[in-house]
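In order, the protein sequences belong to chains E and D.
Quick note: the first sequence uses this note's numbering, first residue 1, plus one each step.
Quick note: the second sequence uses this note's numbering, first residue 1, plus one each step.
Careful, some of the hints might be misleading.
Claimed, not checked - Some chain E residues near chain D, calculated using beta-carbon distances under 10 Å:
hint, residue
1, Ser353
2, Gly376
3, Ala378
4, Ser386
5, Val387
6, Gly414
7, Val442
Quick caveat, the hints were computed from the structure, so don't treat them as lab data.
Note that this is a predicted model, so its numbers are computed, not measured.
Ideal Cβ positions, reconstructed from N, Cα and C, are used throughout, including at glycine.
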Amino acid sequence: MKKAILFTRQEEDLDFQPTDANPAQTRAIRSLKSLGAMTAVIAVATLLCILFRRLGFTESNYIMTYNLGVVLVAYITHGYWYCFAASFLSMLTYNFFFTMPYYTLMTYSPEYPVTFISMLLSALLAGTLTMRARQESARAENREKRVQILYQLEKNLLSVHSKPQLLMVAAKDISGLFHASVLLTATDLDGALSMRHVAGKDCFQGERDKAAIQETFQSGMASGAGGELFSDCEAYYLPIVGSSGVLGVIGIALAQPVHLSESQKVFTDAIAAQIALGLERERLYEKQQRAKLEIERERLRSDLLRSVSHDLRTPLTGVLGSIGTLLDHYDALSDPMRLELLTGVYSEAEWLSTLVENVLSLTRLESDHVKPVKQGEAVEEIVAESVSRVQRLAGQHPIHIDIPQELMMVPMDGTLIEQVLVNLLDNAIHHTPEGSAIRIRVYPEPPNAVFEVRDQGNGIAAEDLPMLFNRFFTRRTVPGERKGVGLGLSICKSIVEAHGGSISAQNDPSGGAVFRFTLPLEG
Amino acid sequence: MNPLVLIVEDEKTIRRFIRVALDTQPYTCLEAQDGMGALAMTASHKPDVVVLDLGLPDMDGLDVIRKLREWSDVPILVVSARGHEREKVEALDAGADDYLTKPFGIAELLARIRVILRHRVPKQDEGAPAATFAIGALKIDYEKRRVTLQGEEIHLTPTEYRLLTLLASQHGKVLTHRYLVKEIWGEVTADDTQSLRVSMANLRRKIEQNPAQPKYIITEVGVGYRMVEDA
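Hey, can you work out the whole structure from these sequences and the hints?
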């Protein structure tokens, strides 16, 4: 009998439909329906038998009709009690209507008690068997449904390409299954429970809920509504356990006060195991990616170090030499010579300062892999600032500014774009002959804003063009010209691309080089 | 008596060169190498200006500013590296008067100190506020609310006029976006800095010959605006 009860429960779980707010009420309605159905079936059987009597059929037909009725009751109602009651009721009505004396519950013939008992037993047996068969098929159906759900989930999980996507798909599936709000959290590579996705209403933010999530995450035990711990929470929380420990937590919030049934909980465990597999797969992939990135970054760092240390040494030698000379032979040096040495030191130091600034922006951009903080900036302000920063170095280079008369606002990280313009201007100043003009032009070309720095130098050698924005690339320069670290342009590229724009260089047919970059006008 | 300048900087070389530079000027120098020292020296010597490096060994430079502001209104000139714009804005909003970007030239440092000291004087013997302000060809007549450029009157909206007079009242000093928005519109929301930029663009179109090469109002990217000391 205990087993049978379990079956009925599972049968209830079959429909994952939203259960009514009041389960007691639902149950009462269902009992009433079953009771009604039972009474109706027996009444119909009795009417049939009365008809049979008019037609002069034998009594065995009556018993068969009642038996059929009981089987029917077993088939349409839920629970053994109805089947049992139907058997008993049919025995009584048979006695009442069809045995002498009619319309009493008494009998004359001594064989009737045997008939009654055999009738009761056969009805009971037939009913029970029918019911069991029905439950068996329901159970099979239920099992198949579960397998199908799990299979569908597995298929969905296989088609995702990242952890956030996985969380999203799984949360959506579970939410559709239980018609509930579902939270899915998972650990990142550092083991912190930092990734989350919510399908439906986000009701997982309460203090108690957060504590329950932590508890489940740390202990690997389910908690929350309907559980033993944190039962005052809105939602039920169960862990996603993988081979390497708890990988995340699932939160399911049914409309109060309904809780998940035991078998539903068992089923959610199966789902959690499925998700754990997916999470482990993604985790492995992430680890690989991170290792790859780490190697890449390591390589960059050593390249940077090599290149920077070389480029630092040259100006530092100049600084040390000049200062050393000054210190050792101060009195022997004439004033103009002192001045010359000091001027040299000053310009070397200035060059070093630019270099350091570029290296810093590069590391800032690369190491934090933070997206630039965009804010609407007035183009004229950024351009004006960049120009004023290079003005002193510009010397004999006139700088022409050509920007639209009306105000142009472009979303950007102002200081970073300023750095791009400074680098491009600096580049133009250093690679073109004294006195040649530099033109900086900005114009809208929806959906982008275009920034252009145009010089009147000798242009860029065709073979250099493709490598220009590569890191550590330096132009094969005219002898005597200072070699750069080859960072300036690659930084420009990183910054512009981080803004969602693009940068390019080309030669102007009328002479000189044109560097052009775009920034999206929206977003 | 010479103005007293307190230099707060943990790097000895930098402290020394600032001191040497200041000694060539009519200033008297004091030195502190950490935050606690700065607070103690300010309390005991009452300097006229504090030059404060934000990167100190014992405490956050911002906390030094906040602590100082609890009981002193000594002008503070903050020194910080480029790229740390947020730090600068925070320092200014916490009560610092101006900032210098590292690496800086000595001429720039002296100019900033001069501006700060000049603004300090009228605060102490506040007479009637000046009736006019003039810089280059730009003149503001506060009483008549009239602005002229090379003698020609220019028409400003109330917002533009307020913006211009705010910057003029503290010319030479940088005013943060936040401060300006609060002074002009009262409340600060994210969108207001956009309105500020638009107003500034309009104002520049009226007073600057070439808004992309401004003569009077300079942009400090990521921080705010500054009206030049003299044009």
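The hints, checked one at a time:
Interface restraint check for Ser353(E): the shortest CB-CB distance to chain D comes to about 5 Å, inside 10 Å, so the restraint holds. Hint status for Gly376(E): holds, given a least beta-carbon distance of 5 Å to chain D, under 10 Å. About 5 Å separates the beta-carbon of Ala378(E) from the nearest beta-carbon of chain D, less than 10 Å, and the hint is met. Annotation: interface hint on Ser386(E) holds; nearest CB of chain D at approximately 9 Å, less than 10 Å.
Satisfaction of the interface hint for Val387(E) is found here, the shortest Cβ-Cβ separation to chain D being roughly 7 Å, below the 10 Å cut-off. The beta carbon of Gly414(E) comes within 4 Å of a beta carbon in chain D, closer than 10 Å, and the hint placing it at the interface holds. Interface restraint check for Val442(E): the shortest CB-CB distance to chain D comes to about 9 Å, inside 10 Å, so the restraint holds.
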